[in-house]
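Asks: Take a look at the letters that make up each chain.
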Amino acid sequence: MPKAEPVISLENVSKFFGPFQALKDVNLTVSAGERVVICGPSGSGKSTVIRCINRLEEHTSGTIIVDGTELSEDTQNIRAVRQDVGMVFQQFNLFPHLTVLENLTIGPIRVRKMDKGKAEALARKYLDRVHIPEQAGKYPSQLSGGQQQRVAIARSLCMEPRIMLFDEPTSALDPEMINEVLDVMVELAGSGMTMVVVTHEMGFARKVADKMVFMEGGQIIEVAPPEKFFTNPDSDRCRAFLDQILEH
Amino acid sequence: MLKGGKAGSRPRIAFGRWLSTRPASIVIYILVMWAIVEAALTGAAAMGYNWQWYRIPKYFYEIREGQIVAGPLIWGLGGTIALSVTAFVLATVIGFVIALLRLSDLVVGRAVARAFLEIVRNTPLLVLLYVFYYVFGPIFGLNRYTASVGCLAIFHAALISEIFRAGINAVPTGQWEAAKSIGMSTGQIYRYIIVPQSLRFMLPPMTGEVVNMIKSSAIVSVIAVAELTTIGRNIISDTYMSFEIWFTVAAVYMVVTLIVSGCATLLERRYAVKD
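Going down the list, the sequences are from chains A and B. Just so you know, the numbering used here puts 163 at position 157 of the first sequence, and the rest follows in order with no gaps. Just so you know, the numbering used here puts 104 at position 48 of the second sequence, and the rest follows in order with no gaps.
It should be emphasised that the hints constitute simulated quantities derived from the structure, not laboratory data. Where is the CB? At the ideal position from N, CA and C, for every residue including glycine. Treat the hints with caution; some may be incorrect.
[Said to hold, decoys possible] Pair by pair, the computed Cβ-Cβ distance ranges are:
no., chain 1, residue 1, chain 2, residue 2, range
1, B, G264, A, D249, 58 to 68 Å
2, A, G74, B, C319, 50 to 60 Å
3, B, R256, A, K131, 49 to 59 Å
4, A, F26, B, K271, 43 to 53 Å
5, B, R325, A, K144, 14 to 24 Å
6, B, K271, A, N185, 51 to 61 Å
7, B, Y327, A, E79, 33 to 43 Å
8, B, P113, A, K144, 52 to 62 Å
9, B, V149, A, T81, 43 to 53 Å
[Claimed, not checked] Straight-line alpha carbon distances no greater than 30 Å define the calculated DSSO-like cross-link-like pairs of lysine-lysine that follow:
no., chain 1, residue 1, chain 2, residue 2
10, A, K131, B, K236
11, A, K217, B, K236
12, B, K236, A, K119
13, A, K124, B, K114
14, A, K144, B, K114
15, A, K217, A, K30
Model the full structure from these sequences, guided by the hints.
Replies: The structure is reproduced here in structure tokens:
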């Protein structure tokens, strides 16, 4: 397991949506190359944590440092951080008016100011990586859910990020498409990418996670390596949750 | 039983469908229009109105020395189109800025946009025109024409800003998040992601606004700006052919707005999104 300087660190992070406290004093560090899987019941704040990491949500208090930059009001900083942090969404959120290839190149061309030819070469490389090189000219609506999610992963990778965030990437997929997406994520993990994944796919978690995080009620209840997490977690709530989702 | 029920309900649907078929619609339309025209003609005859339709064509065109020369109604139509197009372009620009202010995070921006909208929407167009001509006119040195353009642009900018706002809001928030997550700036997100997707939501109501603009431009005849309605009024005061001229002017407006709607339908088909 790689032990390097933390690339993500959250210190006493709290987040309020109006009067509702979504995160309560969350502390978490992620080292370079580390794969962290966050699980927990719905409404436990796990999505909010990763959405705070690239500031799709603003945290109310505490400190978040990503890649050496503290997240604050400074929009230039945030844009710089976002270029280094890829995000994959539950609903894919591909751009429906652009082809697959354009979905992949728009970031490199507009944000990284790469020229078109280079960007397309890059895009084709990552389409290969997610095993759908033949879909480049299609529109997202012509693809299956699993293919769309793989395009979304490739779109993030085209920004050549140092960190990838996954927000329940397989929750909106039909069961037969889940594995094609998980396979791509396993391969990505194998390439040494730093990953923070919110998922209920415990098989995937066991396979790739260096660190398991269990959240409930906006708090981190348990952080443990997967061997310990799945066999002998410290907290009863975590055990109860695992019993529930591993039963079937 | 099931079959019987189906057969029983069938004639009603068939009649409804038949009513909506193209030939039936055309026949019914002609009948209704004929009834209206007939009623008008009978009424006019009863009051002893002397129809002089034969005098109308020369207000469209005249042949002088073998050349076709545009008549006053055509010049008036040109005035209406120039006025509407100028005002519409301005209204679109102002409307877009207002919509962006309204959607921005700036408290002041939102307040300004909101105030603009409420003031303009709750003022009658005629009053707004008087304000522009009699109040802003002397203050800012606006002539009839610039006051008219300004008034129409401001009035329609309020409506257009709402169309923009609705169109922009119709794009799912996930699109914003995805675009932000690859590091795009707000300007880039609008330009490359949001606006292209909201165009298809905005095209139908924007067409309606073009049509409204053409029609509401008639109001500037009260300050005697040279356009179709003003010209019509002038011709009537020379000739007393009020029935013929107003019918003609109304028909010209209708032809223009129908052409606009037709073009918009073509555009909509062209930009229909594959989803």
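Asks: Let me make sure I understand: some of the numbered hints might not hold for this structure. Which ones are they, in numerical order?
Replies: 3, 9, 13 and 14
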